[in-house]
Amino acid sequence: MNVDDLALALGLGAARGAKALARAVGSAAGVDGKRRVVALGDAIARALEQAGHEPLRARMERGRLSLEDSSADALCASGLPDLSVASDVLRECARVVKSGGRIIMATSAGLVGRGPERHVLTALFMHAGLVGIEQQLARGTAITIGRVQR
Amino acid sequence: MLRALADDATALIQLQDAAALARVDAALTGDWRAEASALVGEAEWKLQLVGAAALVRGGGDAAAIEALWRAIDGSSWVAPQLVAAAFFIDEQFAAHAERRLLDVMRRPPKTIGALVRAYHRSAASRLPVVAQLGRHDRTMASEEARVGVRGVDTWLDRLVEPRLS
Numbered sequence: 001m002n003v004d005d006l007a008l009a010l011g012l013g014a015a016r017g018a019k020a021l022a023r024a025v026g027s028a029a030g031v032d033g034k035r036r037v038v039a040l041g042d043a044i045a046r047a048l049e050q051a052g053h054e055p056l057r058a059r060m061e062r063g064r065l066s067l068e069d070s071s072a073d074a075l076c077a078s079g080l081p082d083l084s085v086a087s088d089v090l091r092e093c094a095r096v097v098k099s100g101g102r103i104i105m106a107t108s109a110g111l112v113g114r115g116p117e118r119h120v121l122t123a124l125f126m127h128a129g130l131v132g133i134e135q136q137l138a139r140g141t142a143i144t145i146g147r148v149q150r
Numbered sequence: 001m002l003r004a005l006a007d008d009a010t011a012l013i014q015l016q017d018a019a020a021l022a023r024v025d026a027a028l029t030g031d032w033r034a035e036a037s038a039l040v041g042e043a044e045w046k047l048q049l050v051g052a053a054a055l056v057r058g059g060g061d062a063a064a065i066e067a068l069w070r071a072i073d074g075s076s077w078v079a080p081q082l083v084a085a086a087f088f089i090d091e092q093f094a095a096h097a098e099r100r101l102l103d104v105m106r107r108p109p110k111t112i113g114a115l116v117r118a119y120h121r122s123a124a125s126r127l128p129v130v131a132q133l134g135r136h137d138r139t140m141a142s143e144e145a146r147v148g149v150r151g152v153d154t155w156l157d158r159l160v161e162p163r164l165s
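These protein sequences, in sequence, are chains A and B.
For the first sequence, the positions run 1 to 150 when this note's numbering is used.
For the second sequence, the positions run 1 to 165 when this note's numbering is used.
Just so you know, the hints here were simulated from the structure itself, not pulled from any lab data.
Cβ atoms here follow ideal geometry from the backbone N, Cα and C, with glycine treated the same way.
Keep in mind that the hints are not guaranteed to be accurate.
[Claimed, not checked] So, partial list: chain B residues that the calculated Cβ filter (under 10 angstroms) puts toward chain A:
1. SER122
2. ALA123
3. LEU156
4. PRO162
[Stated by the list, open to error] A short list of chain A residues far from chain B (calculated; beta carbon distances all over 10 angstroms):
5. ARG35
6. ARG36
7. ALA43
8. GLU49
9. GLU54
10. ARG57
11. ARG59
12. SER66
13. GLU92
14. LYS98
15. GLY140
[Claimed, not checked] Partial pick of chain A residues on the chain B-facing surface, computed with a CB cut under 7 angstroms:
16. LEU83
17. SER87
18. HIS119
19. VAL120
20. THR122
21. ALA123
22. MET126
23. HIS127
24. VAL131
25. ILE133
26. GLN135
27. GLN136
28. LEU137
29. ALA138
Chain A extracted, bound-state conformation (with noise of 0.2 angstroms):
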């Protein structure tokens, strides 16, 4: 897989977690209020604009989101794309989003929709330069959540 396949590899539409991110775009530290957040994938936007903040859909093509950089205060998808490739994934999601704004990714994680195991995010999510990791566990999916930092 290279970084063009993106779009399908992180699961744009996808619904799950859907309700937990948006959810977690208000419970991660320091953000609080409405915020501007990066959805890929309709479900996600739905839910955030539910949850009273305000979605900039978008899309990833030729491993690029189309938004300017640090052009948000969080991003929120759903799926992680292969391993091998996962971290510069992450690291372009980091470039929209300002310093010291939150990544939130859901994954499946339990018995029937295993993921990722907890400490590989963590370390995805480090190669990428994001800190603060934070994991959440709900209903069979995790939500990993890292701070920008520039």
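With chain A held as given, fit chain B onto it using these hints.
Positioned in the frame of chain A, the structure of chain B alone reads:
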């Protein structure tokens, strides 16, 4: 000053003392990353551990990664924690671990135990390499190697404790 936290080192071995980690976080100011890299390069295990804890909390850079591997190669008493720190901050961890697991240099069993375990838990581990790790089977059967395994597992599993919601 991270150096002043050396007395917290014992609490950092198991990563179970939230207050000790909070003190590390509070010390991540100024040119802390250069200080953390320097501490990892010290001979004293307590200073190495504080440096490694700072790097996994605040993120590393190329100099920090180099310092970590140099300390791991230097047979540190806290090699398992240093290996775990390298796992988190070094994107090329698997390649760097492979080189050490397959070379002919003698390493302490605790270091071998930590490297083998972390390599198995890496998303980038490769089957042809895993197949060659049998060369360490005798070493892995030793108590000291098991200490290395437990040490690396503790840091990999506890660095980020999930919240249930």
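Evaluation of the provided hints:
1. SER122: 8 angstroms, holds
2. ALA123: Check passed: Cβ of ALA123 of chain B comes within 4 angstroms of chain A, closer than 10 angstroms.
3. LEU156: 4 angstroms, holds
4. PRO162: 4 angstroms, holds
5. ARG35: At roughly 20 angstroms from the nearest Cβ of chain B, ARG35 of chain A sits farther out than 10 angstroms, so the non-interface label holds.
6. ARG36: 24 angstroms, holds
7. ALA43: Label holds. Min Cβ-Cβ 19 angstroms, cutoff 10 angstroms.
8. GLU49: 21 angstroms, holds
9. GLU54: Correct as stated: the minimum Cβ-Cβ distance to chain B is 24 angstroms, above 10 angstroms.
10. ARG57: Holds: least Cβ distance 26 angstroms, greater than 10 angstroms.
11. ARG59: 26 angstroms, holds
12. SER66: Check passes; 26 angstroms lies beyond 10 angstroms.
13. GLU92: 15 angstroms, holds
14. LYS98: Given a closest Cβ separation of 17 angstroms, the condition holds.
15. GLY140: The claim stands: GLY140 of chain A keeps its Cβ more than 10 angstroms from every Cβ of chain B (closest is about 12 angstroms).
16. LEU83: 4 angstroms, holds
17. SER87: 6 angstroms, holds
18. HIS119: 4 angstroms, holds
19. VAL120: Since chain B brings a Cβ to about 5 angstroms from VAL120 of chain A, closer than 7 angstroms, the hint holds.
20. THR122: With Cβ-Cβ at 5 angstroms, under 7 angstroms, it holds.
21. ALA123: 5 angstroms, holds
22. MET126: With a minimum Cβ separation of about 5 angstroms from chain B (threshold 7 angstroms), the hint on MET126 of chain A holds.
23. HIS127: This interface hint holds because 4 angstroms falls under the 7 angstroms limit.
24. VAL131: Because about 5 angstroms separates VAL131 of chain A from the closest Cβ in chain B, which is inside the 7 angstroms limit, the hint holds.
25. ILE133: Given a least distance of 5 angstroms, the restraint on ILE133 of chain A holds.
26. GLN135: 4 angstroms, holds
27. GLN136: Holds - the Cβ of GLN136 of chain A comes within 7 angstroms of chain B, reaching about 5 angstroms at its closest.
28. LEU137: At about 5 angstroms, which falls below the 7 angstroms cut-off, the nearest Cβ of chain B leaves the hint on LEU137 of chain A intact, so it holds.
29. ALA138: 5 angstroms, holds
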